[in-house]
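Chemist: Here's the letter readout for the chains.
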Amino acid sequence: AQRVTQPEKLLSVFKGAPVELKCNYSYSGSPELFWYVQYSRQRLQLLLRHISRESIKGFTADLNKGETSFHLKKPFAQEEDSAMYYCALKGGSEKLVFGKGTKLTVNP
Amino acid sequence: DAGVIQSPRHEVTEMGQEVTLRCKPISGHNSLFWYRQTMMRGLELLIYFNNNVPIDDSGMPEDRFSAKMPNASFSTLKIQPSEPRDSAVYFCASRPGDRAYGYTFGSGTRLTVV
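From first to last, the protein sequence lines are chains A and B. Using my numbering, the letters of the first sequence correspond one by one to residues 96 to 203. Using my numbering, the letters of the second sequence correspond one by one to residues 48 to 161.
No lab work stands behind these hints, which were simulated from the structure alone. All values derive from a computational prediction rather than experimental measurement. Heads up, some of the hints might be wrong.
Said to hold, decoys possible - Far from chain B, some chain A residues (derived; all Cβ distances over 10 Å):
hint, residue
1, Q137
2, L141
3, L191
As the list claims (entries may be wrong) - Facing chain A, from chain B, some residues (calculated, C-beta under 7 Å):
hint, residue
4, I52
5, H76
6, S78
7, G89
8, F121
9, G149
10, F152
Cβ coordinates follow ideal geometry from the N, Cα and C atoms, glycine included.
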């Protein structure tokens, strides 16, 4: 079974502080992992894929197969980063399973 | 490309009425997904299609929900009869066959059943 856990429902940091949004997964095979961001009442937007290993808006995420984690990090948070962040996993099928999400608030 | 297009953006209906949500995936995308988003449950996959064929509908809550994809450019999600607990944001997403790309979401339909 595929499962994604985001342990923090809410995360609040100050502008300029580092931020880490945690994501742990459960899947017996080789997963494909994603981070999506949803700004207030808007569509989900793809932020990162572990396959592409790119940095978007200063965010990075590394797949750690030993710890089954895919944490999202940014060294210096900005106010415009305030949003809901969802970690998602794709296993052997086309099905994309989401975590419950973490609401990030960046305070001025 | 206009992206994944959903209509209507907002729907308010009375309990017991039939509701039809519509989705136009990105041209050339082989897979289409319907998700429901609520505060309590987050994002739940209801059903997905591959090349217009329903592959997994295990997330469809009950028989009141049905989904169709008559062709590669159109899908519907129907709720009949609707109930207040169906109130949620319904998202449609599509993905191309090339796995180098991620899933693209529409803007969603905010459904309120009163």
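Chemist: So, for every hint listed, does it hold in this structure?
Modeler: Hints, one by one, checked against the model:
no.	hint	result
1	Q137	violated, 7 Å
2	L141	violated, 4 Å
3	L191	violated, 6 Å
4	I52	violated, 11 Å
5	H76	violated, 11 Å
6	S78	holds, 5 Å
7	G89	holds, 4 Å
8	F121	violated, 19 Å
9	G149	holds, 4 Å
10	F152	holds, 4 Å
In this structure, the earlier hints numbered 1, 2, 3, 4, 5 and 8 are contradicted, and the remaining ones agree with it.
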